[in-house]
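First to last, the protein sequences are chains A and B. Numbers in this note's numbering are just positions in the first sequence, counted from 1, shifted up by 30. Numbers in this note's numbering are just positions in the second sequence, counted from 1, shifted up by 7.
No wet-lab data here; the hints were simulated from the structure. The reader is advised that the hints may include incorrect statements.
Stated by the list, open to error - For lysine to aspartate or glutamate, the following EDC-like pairs were computed, each having C-alpha atoms within a straight-line distance of at most 20 angstroms: (1) B:38 <-> A:194; (2) A:329 <-> A:490; (3) A:366 <-> B:78; (4) A:461 <-> A:194; (5) A:176 <-> B:203; (6) A:176 <-> B:134; (7) B:153 <-> A:137; (8) B:153 <-> B:195; (9) A:176 <-> B:33; (10) A:151 <-> A:95; (11) A:374 <-> A:304; (12) A:88 <-> B:139; (13) A:176 <-> B:200; (14) A:471 <-> B:54; (15) A:118 <-> B:139; (16) A:351 <-> A:362; (17) B:226 <-> A:518; (18) B:226 <-> A:160; (19) B:95 <-> B:33; (20) B:133 <-> B:200; (21) A:508 <-> A:518; (22) B:126 <-> A:56; (23) A:176 <-> B:54; (24) A:366 <-> A:344; (25) A:178 <-> B:117; (26) B:52 <-> A:522; (27) A:471 <-> B:51; (28) B:133 <-> A:122; (29) B:126 <-> B:203.
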Amino acid sequence: MDISYHDVLLVGGGGAGLRAAIAVAETNPNLSVAVVSKVYPMRSHTVSAEGGAAGVIKSGDTLDDHAYDTISGGDWLCDQDAVEIFVKEAPEELLRLEHWGCPWSRDPDGHIAVRAFGGMKKMRTWFAADKTGFHLLHTLFQTTLKYKAVTRYDEWFVTKLLVDEGRVQGVVALQLMSGRIQAITAKSVILCTGGCGRVFPFTTNASIKTGDGMALAFQAGAPLKDMEFVQYHPTGLPFTGILITEAARSEGGYLINKDGYRYLQDYNLGTPTDKPVLRNMELGPRDRLSQAFVKEVEKGRTTDTPYGPVVHLDLRHLGEKIINSRLPFVRELCLKYENIDPIKELIPVRPVIHYMMGGVSTDNNGATPLTGLYAAGEVACVSINGANRLGSNSLPELLVFGARAGKAAALAGMEQKPPSERVAAQALDEKRRLEEQFLGKTGGRERIATIRSEMHQAMESGAGIYRNQTSLQKAADKLRELRERFRDIRIDDHSLTFNTELVAALELSFMLEVGSTIVESALYRTESRGAHQRTDFAGRDDRNFLAHTLIFCNPDGSARLEQAPVVITRWPPGERVYGVKSEVKEVAAR
Amino acid sequence: MAETISLEVLRYSPERDAEPSFQTYDVPLRKDWVVLDALNYIKDKVDGSLTFRWSCRMGICGSCGMMVNGEPKLTCATFLSNYANENKPVRVQPLRYFPVIRDLVVEVTDFMTKLQSVKPWLIREKEKPVSDGEYLQTPDQLDRYKQFSMCINCLLCYAACPVYGLDPVFIGPAAIALAQRYNMDSRDEGAHERMDVLAQHEGIWGCTFVGECTKVCPKHVDPAGAIQQYKLTATIERFKTFLMPWAAR
Ligand SMILES: Cc1cc2nc3c(=O)[nH]c(=O)nc-3n(C[C@H](O)[C@H](O)[C@H](O)COP(=O)(O)OP(=O)(O)OC[C@H]3O[C@@H](n4cnc5c(N)ncnc54)[C@H](O)[C@@H]3O)c2cc1C
Ligand code: SF4
Ligand code: FES
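With the hints as constraints, model all of the structure from the sequences given.
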């Protein structure tokens, strides 16, 4: 079996992975860096971020303001030391990206322009038109091309982390084009594999966001943190999960149920007005909007579609002129990808899964408790997002902590020995497993798509916007059953050339693992905080739960849960009265 | 609208088939379904071995380009209903002019090499430290290159380019557009270096301005415009070297 050797190995070529790769190369140009990615790096999901990236740059704004917005938005579950590092380094990182050529939008005088963003009380969100993530990713990717030390493994799928003597020493990966399975070893490994929105049926996340890195780390023995915190966005298109920005509502769009009724008035969200009013009705807090949707479904007042129940966003009364001048991108998305013209038609919407606050537990340098393993970006949980991420914080997060993890891994890697021989034996075992359980497998009965959609169902009804003991237990049982049935999976495709069915099967196995950690963590936290809302335990319980949830994988495959302290530096948990509550919770999840 | 629509999909597995062939599938015809949704339907329900790339389903990752009824298209932005009245199956093939790896998946490593060769990164004679703040750039300066920075590397333009079809060495529309993206950026000082690279590619002079690349580009990058601009500068540079050898570097 082939083995290749590097000093630092990145799993993932999205924003976090590429930033980390450059950090390694700049820390020590003599190190060899590998970037392993299941898609060409510029196809990574970072490409679809639209809104922007927060970083204090204008006078009148302060680092403390950004920190406070982040911490209160996160319902006091953020580690405040991490947030302080984050807000301080975010502007530097965004500037560095400017120096690398990112086409940030500008003020007339040539300085960086910033815009307002939900949950941020000052204007501090940098943007590159409405394609911030796209420009950020392509700038990073094109910049990495100039570093000779970076070796890319494009369209290689990582199936396992190699751990020996308590230290991560590399990965086993499958080259899609050739079907070759080999070990890629390194002195340190950084996971930058992004989130796991695809565990749920309705999501803004691309098809590649299947939580691979979370499952890989968990199976290798590293704990996951705060997995119960999954963020919804209230208005996504049901089938594609394409996100319809809050702007559609701030311009005056109505949310109506199947009777054409502006149902939000029934949920303490104010009274309907013709013109939009801040914090009223359609402009109420996002989590409350998502929760109202669930209640409407329960009352049978939603519209049934092939993709389940929806409500409608009505923009028609705004007229062609306003829609074209103020919401051109919304119209374009509806027209181009959903065949709906918002000037004439209602837009079907529903809450969709958007972002994963939890992830592989790391310290402020991206290091996990497992020696040799680092994580950065959406896959990681430092945590600066706490119980609820603030919109436009995740792009700067992946830059700041991608750079930190890259630097730390580079420095640590220099001191380490090359991998032991046992690692090669482990890799061979993994290769055999892939051949026996998938490639060479005949006669299974379960279709991948069936198990996947039953998993979706279980996650949505058990661990969705509202959860409780019963619903979560049911989901846990269902996931256990599905993992059992997964062993009897049917594989139509036995080819070695670009076997996407094999990839889908492996992704499904990762999703089943990650889904279980979400459900187990949600069962464990018997309080409601931020994105985690339990109907059987309403309200925040700081006495017992001002703490992170850690979930570990026992050697027998079962899960073990623990708490870890939240770092509080200067902002004690706030007492929240309603007005403030609505304020802190109205975070833009873009 | 009819209830179903037929797709005629090119299948090819190098391990099994000597020759590619077409396979026909009937899929539901829904108003909001794009060609990619139909392919996913087939993969999930009918034949798990059908092979294609996709990811974002919102026209930004650039991975789902294929030939649909002979035209290069992003399949996530091409509605099935556009073809409902044609009374013949919708033909889906891999992007033209690229080697086929399997079914609808083409080999793009050649493009990746070409992309890298034009040095698509900001080149400065002297870097200023990050602590000194941003390089100023007015909205007008940004507008000069912005269009060329919108390329999602979907490669539809290569599949439309007759020059590339005849001469695979031709560096091609998107790579040239990206070179121009940096050349036109007020912060960049690397145009000469890139010029040296492009100049080695005689292919560029073979471009006859058919402009097919610009027509098929889903992001309005206008690679044909970039090629034209480049040729103009290159011609001037050539004259400079010829007439005033001291002026050019
Ligand atoms: C529609 C949308 C809009 C958004 N808008 C904003 C916004 O405006 N502002 C903001 O701050 N945030 C936004 N976000 C969130 C933000 O975009 C993401 O959190 C962030 O881009 C994640 O980046 P990443 O580098 O961690 O992972 P990704 O970009 O998802 O990259 C993951 C990488 O890992 C690789 N990978 C995964 N598994 C494997 C495996 N098994 N083997 C090999 N490689 C693997 C993939 O190939 C990929 O390269 C948005 C998110 C969505 C969905
Ligand atoms: S120039 Fe247009 S068609 Fe060509 S690769 Fe870029 S986005 Fe695609
Ligand atoms: S799937 Fe991303 S461009 Fe079509």
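Exercise. What hint numbers does the structure not satisfy?
Worked result: The structure conflicts with hints 1, 9, 17 and 23, although it agrees with all the remaining ones.
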